[in-house]
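*Asks:* Residue numbers (our numbering), protein chains in the order written: chain A, 1 to 679; chain B, 1 to 679; chain C, 1 to 679.
Just so you know, these hints were derived from the structure itself, not from any lab.
Some hints here could point you the wrong way.
Each pair may be met inside one copy or between any two copies, as identical chains are not told apart.
[Claimed, not checked] Subject to a maximum C-alpha distance of 16 angstroms in a straight line, what follows is the list of computed EDC-like cross-link-like pairs (lysine to aspartate or glutamate):
#1 K285 <-> E533
#2 K93 <-> E199
#3 K331 <-> E533
#4 K3 <-> E61
#5 K3 <-> E483
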Amino acid sequence: MKKFVQNEEFQLGVCYYPEHWPEELWADDYRRMKEMHFSTVRLAEFAWAIFEPSEGEFSFELFDRAIDLAHEHGLKVVLGTPTATPPAWLTHKYPEVLNSTQEGVQFQHGLRRHYNYNAEIYHQFSARIVRKMVEHYRNHPAVIGWQLDNEFNCEVDVFYSDADHKAFQNWVKKKYETLDNVNQAWGTVFWSQTYTSWEQIHLPRPNPSQSQNPHLALDEKRFISDSTIAYAKLQADIIREVAPHQWITTNGLYGHIDNHQMTEDLLDFFAYDSYPNFSTIFPDKGKNPLLDRKWGWNLSNVRSVSSTFGVFEQQSGPGGWVNRMQQPSPKPGQMRLWTYQSIAHGADMLLYFRWRTATMGTETYWHGINDYHNQPNRRVDEAKTIGRELNQIGNDLLGAEYQAEVAIVRDYDNEWDGELDLWHGPFSDRSNTAWFKALQYSHVPSDVAYINDHTTLADLNQYTTLIYPHPAIMTERTSELLEAFVKAGGNVIFGCRTGYKDKTGQCYMKPFPGVVSELCGVTVDEFSLHNAEHPAPSVKTRVGTFQSDGFSEVLQVQSENAEVIGSYSESHVVGKPALVKNSVGNGTVYYFGGVFTEESASFLLEELQITSPVESWLVLPQKVELAIRKDQNGKEFIFLLNYSDSEQTIQVKNMRTNLLTGEALQGEVVMEPYGVVIL
Amino acid sequence: MKKFVQNEEFQLGVCYYPEHWPEELWADDYRRMKEMHFSTVRLAEFAWAIFEPSEGEFSFELFDRAIDLAHEHGLKVVLGTPTATPPAWLTHKYPEVLNSTQEGVQFQHGLRRHYNYNAEIYHQFSARIVRKMVEHYRNHPAVIGWQLDNEFNCEVDVFYSDADHKAFQNWVKKKYETLDNVNQAWGTVFWSQTYTSWEQIHLPRPNPSQSQNPHLALDEKRFISDSTIAYAKLQADIIREVAPHQWITTNGLYGHIDNHQMTEDLLDFFAYDSYPNFSTIFPDKGKNPLLDRKWGWNLSNVRSVSSTFGVFEQQSGPGGWVNRMQQPSPKPGQMRLWTYQSIAHGADMLLYFRWRTATMGTETYWHGINDYHNQPNRRVDEAKTIGRELNQIGNDLLGAEYQAEVAIVRDYDNEWDGELDLWHGPFSDRSNTAWFKALQYSHVPSDVAYINDHTTLADLNQYTTLIYPHPAIMTERTSELLEAFVKAGGNVIFGCRTGYKDKTGQCYMKPFPGVVSELCGVTVDEFSLHNAEHPAPSVKTRVGTFQSDGFSEVLQVQSENAEVIGSYSESHVVGKPALVKNSVGNGTVYYFGGVFTEESASFLLEELQITSPVESWLVLPQKVELAIRKDQNGKEFIFLLNYSDSEQTIQVKNMRTNLLTGEALQGEVVMEPYGVVIL
Amino acid sequence: MKKFVQNEEFQLGVCYYPEHWPEELWADDYRRMKEMHFSTVRLAEFAWAIFEPSEGEFSFELFDRAIDLAHEHGLKVVLGTPTATPPAWLTHKYPEVLNSTQEGVQFQHGLRRHYNYNAEIYHQFSARIVRKMVEHYRNHPAVIGWQLDNEFNCEVDVFYSDADHKAFQNWVKKKYETLDNVNQAWGTVFWSQTYTSWEQIHLPRPNPSQSQNPHLALDEKRFISDSTIAYAKLQADIIREVAPHQWITTNGLYGHIDNHQMTEDLLDFFAYDSYPNFSTIFPDKGKNPLLDRKWGWNLSNVRSVSSTFGVFEQQSGPGGWVNRMQQPSPKPGQMRLWTYQSIAHGADMLLYFRWRTATMGTETYWHGINDYHNQPNRRVDEAKTIGRELNQIGNDLLGAEYQAEVAIVRDYDNEWDGELDLWHGPFSDRSNTAWFKALQYSHVPSDVAYINDHTTLADLNQYTTLIYPHPAIMTERTSELLEAFVKAGGNVIFGCRTGYKDKTGQCYMKPFPGVVSELCGVTVDEFSLHNAEHPAPSVKTRVGTFQSDGFSEVLQVQSENAEVIGSYSESHVVGKPALVKNSVGNGTVYYFGGVFTEESASFLLEELQITSPVESWLVLPQKVELAIRKDQNGKEFIFLLNYSDSEQTIQVKNMRTNLLTGEALQGEVVMEPYGVVIL
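All chains, please: the whole structure from these sequences, using the hints.
*Replies:* Written as structure tokens, this is what we have:
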């Protein structure tokens, strides 16, 4: 079922923590929010100690006053369930709810996310606080929806408490039914690992070998995802039961959760927390880095979960904890740019983090719109501008969908398997970045498409081209699905290491690329890993030469319809095929025996004649992103986003109106640094 | 109360370990010490297993013989209490005395400093061994004083045993009285951290978030300091009671101790262990590094505790453990240079570490004056020279005080808060080094002045200029004190991040620089962190341009008496104020919105017209340090120290005598490599 | 007793895991092995869970069928005892058999080598499974020998379980008899470490000081070696008792085992696992790196244990675990090159690792000869070529011994002491590599000679020259042995840090080089560590200048027969002796006060006029290795190995036949890339 934001109006707003501030500030805060055209506040997601100050004693006074006052000011309220931060009394009395390191060091009270998903007693306490809150606020006219917990699997996405080990045993038992099946799936005959009773089974534990059984390690991630979703379901079920008229979502994009399944099963739509200035401390590597523009990639992933979505924390100032993640301040205009980046990619609800910078605690430097001093500043001004603009055009955008004919394909199995497996795992990120960069710089809007056992041909057929860089794990089902897609006229692009593993992560006894060998029209003759000291041989095509990266496969053509369009140009593999194009039915498959770079991706875009959808009338410089949303009535919104700190000149051949200003644009138009235009 | 060395003569000597050597060597060792004009030996600080070979059994024979023999040779003796190294039988039987890692891994017997300060039973054992020793040696004519323990908080300066967690609970209870006060001070409303019973309170424990509650983390350091001092007091009280005629000190300059408070409360004077060749493995960063000359900074810190002080371990050879801290050998002359460096900065007692290099154990490569082979070597010769020189001039220097009109201001709160808080913490070290370097290279002697709740205006008024680079924590009291200092004609220089936090480490709801905004005549409009990839904008003044470093604040002038003397010269802040001078009463305040470099510090020295006090008659090259001590009668000793491996030429306009040689100096005088002159 | 491979024919073969594959593949696998002229398979070394699926229940069916079928195909079988991988039921029920980290974190089931050598119950289980297997297979006609366990001390070579601490106490008690002796040997008077009861004694445990008592740390390694050998003996004794007609060996070259003692006491010959492509991820540092050619060094070490030896795992494809040790693929020809590298250095039995790449588990990327797909590939072809060649010449080589007149001397005491002691430890590896490189590039075949308390003058007299770079620990016995060797006409070369420690690792109270000072004719006047920022002074000889590395000693000549042949040419030591040649009896001793580089080693080779033994008729380029084996009848086999990826031209002045091709060679002969010639 397609997931989308359930509000009737575009929601702009802010995260607010009334419990952090003297009550006399609240009314002024709300008043100024309204002045900025904010409609919504998110409250309460870390306030368990306020709602339940001691075991079984509940208190709603503070938030009743805060929510009533918000309502008086005409603000809507989203409530977070407060389970990310259990109170001190809880973890002190019931330490079995705490998570541990793999070595068995128990995490303790003091920060957040120190609990585990599998302790029965934590389920009981969580269910009770959620039920109490929902029952209390189900009829409040301001409350429109719920955020489950906060950022599941942020901080830590592995779990090794006793409760987790025990739950894993049960999960394995349920999945495999017999120990023979477990031993088969995990290849335990290797190194005498065979299990002969259920209680011998554990999540990975310390060993002298700096490694893990890879098949167990893959199931570990599936188990964590299932544990997280089961814990979320506990909360979601209560909300659905008690307050079916209020929507449910959660926020974040963290490890070891199948967000697609969670959203499908439990949520109305998905939400994300967007901090593009992380790019200043963790920039993407390589030439022409995308930096904050890379957040379009993250938002594309969010969009694959939920066609329109919420951004529940949109960066509004410098970010950082007292001791890490130290981000420079956003430049003038970047807060607005990033807001429209989120919206261009499908956000129909957007809350800034946060109203005012906290004066205490770990996040003292995770700055909000207002400074500690609470007086006017540049960010307040920028928020006002945005509020005014979205007040005019926000509702028009509502429900309009991002337009893309190309998708980069991902799946959870390969990403989880690839965390341990360095012979394919690291390649996906490099190829995805290379492709996203090539697509961005060519002004070709693109989606991310997740593929799994429920994916249908119809899901794929909305695209003309699928780029699936390194699906080492490839089931027969997926292979058949892709074949059907190609035969019907689609293009599929694979990179090295495709198709050689089954669902358990074991290798097929087939020539590479395994189950898609016939589809690709090639087999792999030989291959090698490469590193900086042993670089991969370069590849020559009709138009020039590009580097592979990290891996090289020598291909052998196995089909009459296959054509070699790139060959190695050095070392002992000189002249041998590196890139093969295979015609199948009405479509085409490209197989490249390497990891993609911006250059090889650009070459393939050219091969496939994939260009900007507005090429005929709009000429854009590389620094400007193009994104298009289209509503039910076919009306298009063309977003142009300038990520550079200098002016950029675009050329508009057919006159259009800038919806943000009402100004008619034609000919050479100058966009200001960090500027935004919506046509 | 002013602290100073309590001896009647200048003491030169050496650390000696009779227990390490065959008894037949002792007499020859003592004889040769006397030949070198050594007057003092330090003994016994690691000898607990000898004094108390099993629980409750005491033995003084070995040290009685060693001390009697020292006395016969005319040597004075300083005794260390041996508590840094509890015997094996003690920690084996009473493991609760051991310290632990934060994760709960208990340290064990085998090296040193593995105990904690809060185990009751360790207090009892420590009190007993100290009392036994003091009672035994109180009347020995050779024994002049005591060193408490050895290098408190060396090796490790955090403590996580059960005894420490428990003691912290009590410390918090005593400090805050109510849980409400604790919750307020630590901002526990943030992330639901509220404490509802005392037993929930712990020192920081493992968590999944790589951080800590910053206010608790600040109190943790205060608690460690208090624990250390309480433990030291236990010993000091016994010595005062039993042997009030013998002085008390301790040695070192390590983390998480308020040495000023400890010295004020317990000690007669403070002592330091000086190893300038650590500079070969941990050089100060940047252009023109100070290297071993940086030890003048350390000695200035020691001098802020104790106007004259002891150096209880002065480097006499290459240093290093078997497995780390591998230092190259000092060059010929450096041992002498460093001796006079200590003395120039205020040492009135100086013991070399150590008589002879140990042939066994972890410190086999922490070389002493004598080699394993015990035959003449270069270091023995150098020690003889020094002994001869100090025999002539040492007593003249006694009590003479280092002269400085400029002080760099420090305080414990900001340094402890800054350990976790990377948004101001790392700046102090960089600015302090920059200032010390600029002062050194301008031949302007400087002090370090620690400021706290007991500091008086009189304490400050001995200086004309105070440099207080980044006091994020700034109380009203300190602010008022500095204001009074300025009004009376003093100069104060601040850098970025000044004045925005209160004593708990929480932020004021005021525009930066918070409580000193009025004093500085500015507020901060906006700011940014910077790093290598996002460098700070450069600053332009009337004389040129310099770089900020790490941080930039855009200032807004708020006072008629304030004048912009430096502005940003690039990026979106171009032209905006970076450096403002404000006239207040008879004095001046400079506020710089960045971290200091040698260039910006030099610019401000020039602004303030601060120059060498002997500029009129003595021209010194950059490589030569100037230091001046003045005795009660106003007699000045002018130390010139050449830190370079090449000759340096100084120009003496008025004839003076080199006190080390009796030679009259005038005109161009050549100092040898690593040479020393005292005028 | 000289150890050598006990087979009557040269054995070529492969490691095979029938338990990993469908039984229907076995016959085809064996058939193809025979086609390749393979004669031997190694089986079963990780199959405990198959032999003993539950406690006390034994099952031999699977391996009976696999071994019978091998026999039917004419293959010999080597069996591994399976103790490297205890079954899950064992470690689950008896966790005391598990090894731990120093911090006490217990390793757990899941990979391999997680057991300890000292748990009594593991001894019982190990003895039983070994006895069961040997009794079962003692009379099988295919089974020729046994491999004990697999790669002792691979993965982890330290042990901290309770059983290990306890065993260490007993080991110490047995070695030292009294606590006084222990305290003396470990220098426990330093830092009050004195032990007063046996139960206070432990293996190194956590402490706050990042170090250990160095003498205890040395004994720790001796204890680990003894524990390993005692555990191996438990197995070897059973095999000797039950199947005295089958030989015994083990494979590997790992830390903390005296392989010489183990081989002498327990084994018929020693075996090694050779993976030269580790050089692609851990290349040797410096100019002209040896890379895969460095494996000649490893093989020389193996040869010092066993004059002919087995290679039980010879690299046949890319190697790597799923998560680390990622090696590029060998180039065409390298598998053959490395095979002959092993044989040239003394291998008389060689098994490839492995028949077919595993499709599951941690070693999915430790590729075998066959790929997952089991179809022809380049490596299969290369194996066929090798099989054909060795089928012709393998038996001729059997028992022929590698010829060398120069040996690099090593000993376990210095290597184990040097692990902790950074003031001499790291120098050996650098000097050994420098010397091996200089010898290789000069085409001077060399041995490694281990020296210990059993070494005799006869052992040394097979060499003309001994290079013993940095023997810090030097006993009187060894010193006398070397003196006798020199007096009889031998040459000995020492580097810095020689001779200053006794067997406990404590320093002699003598001038350096301690007990060999007279032999060397020098004492050390002063010395210094050096690092990149403080480089060692260069050394000038009659032919030029070379760098020392890491350390410099200023020498003083103490003998009339000593001559300074190298002096420092800079810094304050300029002109002082650095390299001294001393004539003693009929021989010569060289003492160099530094760490060796290729340049200083080459200079000394020239000094000693050591050149290629075939210089008169064979001119070789640097890239080609020369190795010579000579059989009982004096017949020489001259191996030429081209390690480069380009052709290399050799010049053969006297006509010879290439034994691999039968071709007569004279004049300029071109070797192909990675080519091999045997004359």
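*Asks:* Quick one: K285 to E533, C-alpha cut-off 16 angstroms, is that within a copy, between copies, both, or neither?
*Replies:* Classified as between: cross-chain Cα gap 13 angstroms, same-chain 18 angstroms, threshold 16 angstroms.
*Asks:* My question is about K331 and E533: at a cut-off of 16 angstroms on alpha-carbon distance, are they close within one copy, between copies, both, or neither?
*Replies:* between (39 angstroms within a copy, 15 angstroms between copies)
*Asks:* Up to 16 angstroms between alpha-carbons, please classify K93 paired with E199: within, between, both or neither.
*Replies:* For K93 and E199, the Cα distance is within 16 angstroms only across copies (11 angstroms; inside one copy 27 angstroms).
*Asks:* At most 16 angstroms between CA atoms: does that hold for K3 and E61 within a copy, between copies, both, or neither?
*Replies:* neither (35 angstroms within a copy, 57 angstroms between copies)
*Asks:* Please sort K3 with E483 into within, between, both or neither, judging by C-alpha distance up to 16 angstroms.
*Replies:* neither (27 angstroms within a copy, 62 angstroms between copies)
The structure fails hints 4 and 5 (numbered hints given earlier, in ascending order).
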